[in-house]
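Novice: Go ahead and model the full structure; you've got the sequences and the hints to work with.
As a plain string of letters, each chain reads:
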Amino acid sequence: MEAGVDVVSAYPGTPSTEIGEAIASIAEKLGIYFDWAANEKVATEIAVAASWSGLRSLTMMKHVGVNVAADTLFTLTYSGVRGGMVVVAADDPQAHSSQNEQDSRHYALAAEMPMLEPSTPQEAKDFVKRAFDLSEEFRLPFLIRSTTRLSHQRGMVLLGEVLPNRKKGRFVEDEPYRYIQVGRIAIRHHKELNDKIERIRREVSEGEDVNMLEGEGSSVGVVASGVCYAHAVEAIRKLGIKVKVMKMGMSYPFPEEKFSEFVRDLDTLIVVEEPDSFVELHARAVAKEVNPSLRIVGKKSGHFPSVGEYSLGLVIKGMATALGLNYKVPDTEIMDKVSSRAPPRNPTLCPGCPHRSTGYALKRVLGGKDAVILGDIGCYALLFEKPFSLAKVSHAMGCSIGFANGFSISTDQPVVALIGDSTFFHAGVPALLDAVHHNRRMVVIILDNRITAMTGHQPHPGVSYTATGTPAKAIDIEKFVRGMGVEDVYVVDPYDHEKMEAVLRECLNKEGLSVIIARRECALLTVRRVRRSKGRIVSYRVDPEKCRHCRVCITMFGCPALKDTGEKVEIDPSICFGCGACASVCPFEAILPTEGGLNWLRDGLGV
Amino acid sequence: MWYLLTGMSCRSHKEEGRELKFDVIVCGVGGQGVVLLSRVIAEAALLSGYSVRVSERRGLAQREGSVCSHVRIGRCFSPTIPLGHADLMLAMDMYEALRHIGYLSDEGKAVVNLSAKVHIPHHLGINVFPDPSRVKALLNERSLFIDAESLAARLGNAKVTNIIVLGASMRFMPLRRKKFEEALRIAVPERYLDLNLKALREGELSWST
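Which chain is which? The protein sequence lines are E and A, in order. Just so we're aligned, residue 1 is where the first sequence starts under the numbering used here, counting upward by one. Just so we're aligned, residue 1 is where the second sequence starts under the numbering used here, counting upward by one.
Worth flagging that the hints you see were computed from the coordinates, not collected in a lab. By construction, the Cβ of each residue, glycine as well, lies at the ideal position given by its N, Cα and C atoms. The reader is advised that the hints may include incorrect statements.
To be verified - Cβ-Cβ distance ranges computed for the label pairs, FRET-style: (1) E:K510 to A:N157: 50 to 58 Å; (2) E:A49 to A:A153: 52 to 60 Å; (3) A:K21 to E:D434: 55 to 63 Å; (4) E:I187 to A:E19: 57 to 65 Å; (5) E:T411 to A:K21: 54 to 62 Å.
Claimed, not checked - Some chain E residues flagged as far from chain A (calculated, every beta-carbon gap over 12 Å): (6) H106; (7) G169; (8) A502.
Specialist: Now the structure itself:
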């Protein structure tokens, strides 16, 4: 806002989603264009076009989203930008809510995209503003790299003035072939890019404000970036040591000269960064030139872990060990022993979740069959857990159908791909085209809960409104899939277990491709709507006379509202959403609504 | 920007904060209001003129996961509290108290709600939770227990359990009650304010009953 951003587009992903949610809530008021795009690549392209039209643009994504956008980004640095353009990559060391803990800093280096790494909430704001100015000055997109502990942090921020924005720009080709990249033209632009990066190194990275030096008169130096800098500063205070510190706010382009001066007279350099070695690699290269006997303490030396997230405690311990200090650390072993009595709380599907019903039907139909079941990225990935133990594979967006293509060729086992609606639009479509074209033997189940649920209910191309609430054309998945050439398409309400099982049985016996659209709105959305419209949620109950404690509802269905008292099963009315899907699971018809009331299946409220 | 959007005030913001350091761990299960609780404490600290930092782990909170917030009041840099350094813990659940007890310093205290939530993986035999009485015994040394759920039920709304725990914890924090009341005014919707203020008071008085 303070940079006067005009156009923002993104695809949700933890821990970057909140940025979009925040912008969506004020977009209209400030005249900022905002949308959730079909995927990160499309979002990036929207931002690029805005920049080429002279507007300021922003896109943000989780670290793995950068993989999707990378194709566009790698050539964008050749073309350059006109209006300032900023890409926020939200890394997730420890893979709290991700499939890996890849480090986006490698992308800065690989795509030659200059990068800033904020350490505090205040810097997160200031650096974005700075990045917009620099982006415009050097005509290059700038990467802002954050990590979970920065993204999910609240602190005090001094605000500046909000700049007005422009709304519309105009596409102008500043020079011939500016935005065309091929052969000799690309080579020429590559050379130009190298020169820009060299200028940014000299004028920004070597300068005073992003890569800062603190302290003097010590033979020990500490270099740290991002949240690790905050850990490092506090660790230094706690240990009461005198060290020189280099705060690395821009590690690409790397401030070679400044860093050389910093390490020239040091005996020991401590590198604090997560999750990969990035500064450490540069440090080794520089040290070889200017101070070959420098002792480098980091991941390679074994003082810091090479995987996972850093914490203040871990940084204190690493530094203390490296410097031979006797710092009293709490006896973690005893504490671990105590805490281990509290088992981890594995995430479960929500009460009323339609995916649970789909999983239940699929598990019943497959029985013990040796099928290859492929999961994807979304809530339904939890179907790999008990009681379903269904998905054997969960990798990256859209992989389920892609892998299914390969398995249908490589094995004779039944092949089932599970994919959510948003994930299908994001990356499942090309893989399904391949399956149609080759008539692959597989069952694709599109778990259509009418929203991007896992990240907190963002709209996608299949819903009839945009991020800011304006009407949008909803793509009908059934028509779309038929249009792609799939002949066997079924739309089933997952709460209707009987029908779902029949359709699954039929599809699994086929030689070719079939698509089942399991359509039922995310229960959280339905409940919210029912509550808003002053409707009532009528929960279900277990008739204690009929319940024989066979536990089928728990071992086959496993809704969080079900509680085992040891003699009977009960339903916790404060958790139950009243979907009634468990009623058809009970062999003794012991599960009933607490009163006549609402029946989602019958009344179709969720569809 | 963050402030505007979350409605967090920075009225009493002083650049460096006073020379005080007080670390609070707030933990519980998704849906127990851990995030709101940490925000109220942060607001109260801000209103008292201290600098504050909040960092939370809540990825899968919606799905009955464990939620933990680090609230750092006063002079600090890192967003997270190291093990063995927290001055106070507010736990909405006994199992969660046990999971995070390692954060407490030797002098640290814990205020623990007498709730022990098990969930479906427990019934499925995946992760079996121990008997609550055993957990209580493990926590006993440095914990004060409060049956906040019953107190909340008496007030007619189970949702204010968290504020009752806050009320019970106020005496261990270097912040005045008035600041917590002001913080509630900022953090909760108008129509629930009275109820929350009552809950705060109820918690505060719970030790004498």
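Novice: Taking the numbered hints from earlier one at a time, note which ones the structure violates and give those numbers from smallest to largest.
Specialist: none
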